[in-house]
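Engineer: Protein chains in written order, with the numbering used here: chain A, 22 to 200; chain B, 624 to 1150; chain C, 416 to 816.
Simulated from the structure, these hints should not be mistaken for lab results. Just so you know, even glycine gets a beta-carbon here, dropped at the ideal spot from N, CA and C. A portion of the hints provided could be inaccurate.
Claimed, not checked - Facing chain B, according to a computed beta carbon distance under 8 angstroms, are these residues of chain C, among others:
#1 A498
#2 I530
#3 P620
#4 N634
#5 K649
#6 G801
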Amino acid sequence: MEILERKSRTLQVSIKLVFVVVGMFGFGYLMVPIYNILCDITGLNGKTGIISTVQAGELVIDEDRWVNVEFTGTVNVSGPWDFKPGQDSIKVRPGKQYKISYTAKNLADREVVGQAVPSVAPRVASKYFSKTECFCFTSQVFEANEEKDMPVVFVVDPALPKSVDSLVLSYTFFDTGEK
Amino acid sequence: MSAAADSHHDDHHHGPEKNFVKRWLYTTNHKDLGTLYLWFAFAMFFVGGLMALVIRAELFSPGLQFVDPQFFNSMTTMHAIVMIFGGVMPAFVGLANWMIPMMIGGPDMALPRLNNWSFWIMPFALAIFLSTLLMDGGGPASGWTLYAPLSLQGGDSFAFVIVSIHFMGISSVMGSINIIATILNMRAPGMTLMKMPLFVWTWLITAFLLIAVIPVFAGAVTMLLTDRYFGTSFFSAAGGGDPVMYQHIFWFFGHPEVYILILPAFGIVSQIIPTFARKPLFGYSSMVYATGSIAFLSFIVWAHHMFTVGMPLAGELFFMFATMMIAVPTGVKVFNWIATMWRGSMTFETPMLFALGFVVMFTFGGFSGLMLAMTPADIQYHDTYFVVAHFHYVLVPGAIFSIIAACYYWLPKWTGNMYDERLGKIHFWSSTFFVNLLFFPMHFVGLAGMPRRIPDYNLQFADMNMWASIGAFGFGGSQLLLLYIVIKCIKGGEKATDQVWEGAEGLEWTVASPAPYHTFETPPEIK
Amino acid sequence: MKSTSLKKAIATAIGLTLGGSVMAADKHSTPLNMTQGATDISHEVYDLHMAIFYVCCVIGLAVFGVMFYSIFKHRKSKGAVAAKFHHSTTVEIIWTAVPLIILISMAIPAAKTLIAMEDTSEADMTVKITGLQWKWHYEYMGEDVSFYSQLNAEHNIARQLDSGVDVSQYHWYLKDVDNELVLPVGKKIRFLHTAADVIHAWWVPALAVKKDAIPGFINENWAMINEPGVYRGKCAELCGRDHGFMPVVVRAVSQEEFDAWLIEKKGGTAEPVAVAEAAPAAEGSNTAVATAGGGGAAAEVSMESQMARGGEVYAQQCAACHQVNGQGIPPTFPAITGSAVATGPVDAHIDIIANGKPGTAMAAFKGRLSDEDIAAVITFQRNGLGNSVGDSVQASQVAGN
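With these hints in hand, go ahead and build the complete structure from the sequences.
Structural biologist: Here it is, written out as structure tokens:
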């Protein structure tokens, strides 16, 4: 009698633990969206935000403050590009929209498809840095040896912490090999 | 599952199966499986140890003498995985299998057939893992952490690595379910939770940690697999992913994993010290609570492995403070052990020597851990030999010394014979001497600027590396002595009494030596 | 925190037990301890490191003192009889609270230093550092100066398996590079870190600067160097086969020297044919493209000079993977000797060097190397390393590809 009872308790415990195991496996995957949300809220990984032109227009321009924005471009080894910003840096007023551009030239004799990935330093600044238009929203198709001028329209949120006087916008071009 | 228990019930009144292959292949007996686990772990310690010796041979002097850097990286990677998943973890599971039912007065593990299965997965998992060395492109070479995107470069042996890790994980998870079910359901009447020996307690907590984090690791490596072969981009920036996220997921598993490797060691030492001090364990309940706190803290400190990836300041501060907090419950444990010795009546047989070696050298590892917790200093220490010294102090004279101590401690109960005490003492002193010669100089080269995972170095590091390599060969050689001592003890020796040690207390010392094939079929009475 | 005499006393005590190692630790830049470094931050980090070390020593002496006293005193062979106590709430509260207080007193200065380390604002200049397998690329932001920096070529030959070279002849073995990162002293320099393939970590101990370089992401930290000098470091994050062979060398000079160097560097990059030493590294991608456009009618370069130059480029760029002797490490890094590419049609060979091979570690070198260098290295691969195709490839062929 006691042995039977023990068996059923063992079964119950085991089943519960199997649920925990399955649940924790799921939690591993759940960490992906959790991480992304956390990054959106805190700027944890330096990814930039996207806002609509309307939202950007509603920001109040801070006329008392200059923020220096530097630009840089990196080409991942996967791709045959020459890629650089059209200007080294500009001084901006928080809240105001600015348009800058990057140039990319496909150095290969074939069509290549690339994806630009934006990143902002310092990371605390990334959630205050938003783009209304960017070549990084979609992947870019380059004909053989094609050179492109690619614009970015961005705005720095006036809520940017006062301790940040300068930030860097970086793009890395990856060959994705597909459209 | 009930069928499993039934068949088990059938062989209750028989001894072990006579046919050798059948006995070991089909056994569901916790003692047989414990023995299998321990021998398997012993074999893997030698395999992983040989890999370490390849590393130390190459690092004996500057310049590349023996191996290609890629193969060197494979060795560091595989040494870690073999030692962690093939050595330390199975050894602890083996000890749990042998001792937990006897310590809580139960007849066997709660799920004997599952027990057989979870053991026999291990040799296949490790065989698949080791076979990657023979494949095109060689074994995994991206470090045991398998950081993306580096781990995604290289040959297709990667898929085999992931599969073998899954099997190792399945084995550990099944073993843990079994241990939890055993501890919760198989205790003799009157054996309340707060009367359980500390080894059982620490294993209960460890098993919960395993169940919580091994599946997360399985998820992380599955993501690597799909990133590599099925076009997902969890960890590739090009597809909107983030390689740093892999590190977060990995260390969410990885840090509790570190405690999985050390909590049962705490339990073992808490069994041995009272026996040889002939005095009850000081602060039993605070030991249990400290173990619980360490387990809890292990879930909120993972990012201290990632202070250089570029976290926000608030995150770095939080993980620094949380990490430093771990020193408090760990300190409580060390103080309790010393208070147990205080005004005891101590003798120093080999298990006690290894346990004391554990206390001293694990505390060394704890000190360097405290130094590593300080984020600004960690930025200098990170990924240097200082870190290598730190975690090897915690794991070798820490976890592995505790396993050796446990083997000496319970060997007379397992075999019915006393081991050779003189050889045991020689084994302890040579192991202790060489393990320090091996790992202590690593602190210095690390502080002086030698990064980890490099096959070649500047002349300035040459002396210390030479000493470390000599220590490595000495330590490896000392373990051959252990093999000899164990075999000698199995073959014969002075007959052990039932209690074995004068100060030993607990249910396992009330049964005959060697322990009969079936123990506590009728539950013992608990005072 | 502690009086200096106490510090010294402890250092001596520990030093004696550890074979004098910590005695040496108090001296500047000994090989057994962390460097004090050349920045205010690195000094702060060193002080923190020593402070926590001394705290650990004191705790260790106290704890092990009690333990060994007990081991010698309370042993059965000396007739010790075991006491029965197994609990004391007072003692347990004390040894929980005391460590807590010590920890908090350590955490406060650590937090202060950390906050200072993370403050990259008001930087005077910015250097972007890109990690690649297995070299660094430095770019002086806004100055149009950029170059690659990798392991000293002699060391690169010496460090090969079975090279037969005695590495002890090189004082800075594996710690020297072809192109140093030159920085001015007394300026707050912000470093931006990123990578073009896998994760690397740029580490210079003397600057207390270590940061992961992550592909697709940009990280930053900073240093203000107090004293001129040469500061050496390493890649700290495992980045594949030659992780151990990508050193960092920073040369800190006065502002005037730095300005002069920068002007020279800018002038240097304008020369269409750079001298061999600077050739693989000194030319930024801009120049490479410009030369390709303007140098279409350049005169043919002789076979001998092509082979000589190609050999140097090969040693710098290719030998890490394809090996000095061209045998490669199959299957990841194929052999060049006798390969279908290096002995087959020249256009396919140019294509693979210029554009890389997607999905493998083979990078696209167009834009990274000048067309002249690409032509030279292709010539070398076709006519050296045991191959003898016999054709000499010209920059114009590369430019048209």
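Engineer: State for each hint whether it applies.
Structural biologist: These are the hints, each one checked on the structure:
no.: 1; hint: A498; result: holds (4 angstroms)
no.: 2; hint: I530; result: holds (6 angstroms)
no.: 3; hint: P620; result: holds (5 angstroms)
no.: 4; hint: N634; result: holds (4 angstroms)
no.: 5; hint: K649; result: holds (5 angstroms)
no.: 6; hint: G801; result: violated (20 angstroms)
The structure is inconsistent with hint 6 alone, although it conforms to all the rest.
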